[in-house]
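Colleague: Each chain, written out:
Number of protein chains: 2
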Amino acid sequence: MNDASEHVRTTPAATEGGLQVDMARLRQDVLDLGQIGRDAVLGLNRRAFSEGDRQGRDWFRQRLATAGLELFQDGAANLHGRLDYDGQRPAVVMGSHLDTVPGGGPLDGALGVLVGLEVLRRVKEAGIPLRYPLEVIDFSDEEGRFGGMFGSQALAGQLTPERIQSARDLEGVTLVDAMAAWGLDANEALTARRDPATIHAFLELHIEQGPVLDRRRIGVGIVEAITGLFKWEVRLKGQPNHAGTTPMDMRIDAFQGLAEFGGEVNRILEEHGGPNSRATIGRVELWPGAPNTIPGQATFSLEVRDTDERVLKALSDASRRTLSSIARRRDLMFEFDVLSEITPTRCDPGLLDLIASEAETMGLDYLRLPSGAAHDTQSMSAVARTGMIFVPSIEGRSHSSGEWTNWEDIEAGANLMLRSVLALAARH
Amino acid sequence: MNDASEHVRTTPAATEGGLQVDMARLRQDVLDLGQIGRDAVLGLNRRAFSEGDRQGRDWFRQRLATAGLELFQDGAANLHGRLDYDGQRPAVVMGSHLDTVPGGGPLDGALGVLVGLEVLRRVKEAGIPLRYPLEVIDFSDEEGRFGGMFGSQALAGQLTPERIQSARDLEGVTLVDAMAAWGLDANEALTARRDPATIHAFLELHIEQGPVLDRRRIGVGIVEAITGLFKWEVRLKGQPNHAGTTPMDMRIDAFQGLAEFGGEVNRILEEHGGPNSRATIGRVELWPGAPNTIPGQATFSLEVRDTDERVLKALSDASRRTLSSIARRRDLMFEFDVLSEITPTRCDPGLLDLIASEAETMGLDYLRLPSGAAHDTQSMSAVARTGMIFVPSIEGRSHSSGEWTNWEDIEAGANLMLRSVLALAARH
Chain A
106 MNDASEHVRT TPAATEGGLQ VDMARLRQDV LDLGQIGRDA VLGLNRRAFS
156 EGDRQGRDWF RQRLATAGLE LFQDGAANLH GRLDYDGQRP AVVMGSHLDT
206 VPGGGPLDGA LGVLVGLEVL RRVKEAGIPL RYPLEVIDFS DEEGRFGGMF
256 GSQALAGQLT PERIQSARDL EGVTLVDAMA AWGLDANEAL TARRDPATIH
306 AFLELHIEQG PVLDRRRIGV GIVEAITGLF KWEVRLKGQP NHAGTTPMDM
356 RIDAFQGLAE FGGEVNRILE EHGGPNSRAT IGRVELWPGA PNTIPGQATF
406 SLEVRDTDER VLKALSDASR RTLSSIARRR DLMFEFDVLS EITPTRCDPG
456 LLDLIASEAE TMGLDYLRLP SGAAHDTQSM SAVARTGMIF VPSIEGRSHS
506 SGEWTNWEDI EAGANLMLRS VLALAARH
Chain B
106 MNDASEHVRT TPAATEGGLQ VDMARLRQDV LDLGQIGRDA VLGLNRRAFS
156 EGDRQGRDWF RQRLATAGLE LFQDGAANLH GRLDYDGQRP AVVMGSHLDT
206 VPGGGPLDGA LGVLVGLEVL RRVKEAGIPL RYPLEVIDFS DEEGRFGGMF
256 GSQALAGQLT PERIQSARDL EGVTLVDAMA AWGLDANEAL TARRDPATIH
306 AFLELHIEQG PVLDRRRIGV GIVEAITGLF KWEVRLKGQP NHAGTTPMDM
356 RIDAFQGLAE FGGEVNRILE EHGGPNSRAT IGRVELWPGA PNTIPGQATF
406 SLEVRDTDER VLKALSDASR RTLSSIARRR DLMFEFDVLS EITPTRCDPG
456 LLDLIASEAE TMGLDYLRLP SGAAHDTQSM SAVARTGMIF VPSIEGRSHS
506 SGEWTNWEDI EAGANLMLRS VLALAARH
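Residue numbers (our numbering), protein chains in the order written: chain A, 106 to 533; chain B, 106 to 533.
One chain only, chain A, in its complex shape:
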């Protein structure tokens, strides 16, 4: 984490007027939580259901208790902080996650939970009368030790007994065992399912994890959609041969097929994609993989994202056509497996307009943009109308100790969340 003091500037005019978060308290929370789960080897490590996660949750429980907020832990081990919750009226819910990747940063997920906590505290302190109860949720295993978005998918009713039983981490530890070590029954996660009628709206604040806001020097992002994706493992098969004895015109070189496809990726995006399209070849394996052998097989990942399902379909079709054509022309065999497919998620236009309107009232510049990363909001969209606020990530850094956001941007984002929640939940 950067030296926090470097990021303090004077409070911007944007927050003048109306209820505001207690920035000193929020800031201290960020700094305190950032010390929890530090690991000599991995840096900040609050992987789901690890010792770091346990300490982070304990700290959060204490913060809720100190603030006089109600605590509820559901069957998926999600921690809910509640204000005015009565089980009758639907709640305005905020949520994100306290778990991190190994070697993660202090803000990814944590900031959204802490801002939600601060919103509940300020509303309670100010004694604002509420039409709807408020809730802040720390979702379990967003980062994917056991598959990702476990807690929010539990709320959305997207879990199955099979998925719960089969989930295991890279070391082979099962979710069932990891939760049992905490005295929890993983199967109870099925009971965490939430009736959509109990949620008035769901809002998440998160760091962007990308460079767009930082590069454009815009403090607030309003997330219109979370990109869907398809992820393939592609195999081009040629003939492994001696690199010295096989003339160029007698080669069936699998790498050359991959290189040609690599050069076509941008054309495919230009012809069939839109401004939110992304395509990445991140993993390549050549076989046999020796400098003096013509590659007989190239195995590689192709991951393509977009916010529009039809665009994704067009990109998938174009990728397949291009790969087929390259393979045909080069006498290669082409095959692929679909490793995952995620449908894009749109946030609620009405909620986005509400957030935009509050940002305008605050005099904040904002940018409507897509989220290229997955978030709990994605699952929650199945049971609630959702809205999402981004704050800038300096140089787009995330999932690393260099992850940071200027305090003034945190403050502006937190106040925007507070105002948006009040607009939704306060008795006017």
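All the given hints hold, so there is nothing to weed out.
Intra- or inter-copy, both count: the list cannot distinguish identical chains.
Dumping the calculated SDA-like pairs for lysine to any residue here, alpha-carbon to alpha-carbon at most 20 Å:
#1 K342 with G368
#2 K336 with P396
#3 K342 with R502
#4 K342 with R388
#5 K342 with S505
If you're looking for bench data, these hints aren't it; they were derived computationally from the structure. Please read these numbers as outputs of a predicted model, since none were measured by experiment.
Position chain B relative to chain A; hints supplied.
Modeller: Using the frame of chain A, we list chain B on its own:
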């Protein structure tokens, strides 16, 4: 090995007239030796100084003894079979190697030694008077368990005490220990150096290990040169970033740089290379190597071969320029290490003409071509004028159990070697 009987066709007209090899005997030698050093795991395995190699050498010693040929083992453990050798007159020397790669085939190296043996036997049996003695050499470790071409480099005086002491195989066994286990002192290899005045000419017969002769249905190759090469490890460094959150125009994607270079390889060969040029990218590693992370580094091998040193230099310059330009345009860092550089070797034009003239007399079609693979002839060129004969490799296969050559091509190649040796060594 294929069923040998499949490859027998009628003896071609090409061998009529003059002394000929005893094809039945040569064929039996090939089949017998092909059974020696079989290994349950690795198939045919006569790696240098292994048990298989020992058995192959013992068998060869016996064949020399049976034929009444003189045996000499030099300090590099090369086995020499000799006819009429007197230490005074320079010898016409044939040579190749009995060692194999693990899982090798029955002909690579072995065929050249067996043809040499057969030539000495036939000349001895026929009582042909010789102006120059004849010699056939089984060179130690051509295939590279301890670096490659050890025996022929010893004869050529290219070894150093340091190289001998530091040579070790992939399992960490040193050459010194492997030879000591046979009661040999590896340092004695320095004494194997041969005075150039003792060699009248050096000839090697070898399988092509490439597809050219087989595709063109030509039975004999006359090797004009053995390609030199440069082998680089290239690193393109960009910025690893989240594949979802980083827009296409904010990426510094190391793989995209590699893909572009892959597409430029053929242009570089067309503009700066010749018909013997080859370029291969056989190994690629992306870092971090995750489907959802833009590659921050691409590390890959570039191996370029040609028979002309100036062409190699031009290809090296063009590769560097192209990589620099791609890196500059894409904001990547570019660096490379030279892993090896081998100067091309030209065979002796006079010897090649002599072989070609004998082939014409025999009515054989032949092709002058380069060798893309390394051979003992390469080292021997430092101390002798050299000539090399290729026989076709079916489908270019080599270093595998599928390596094979039609018997009629073996016979034609063996008779061409016999006639060429007689043209050089017989008292006319």
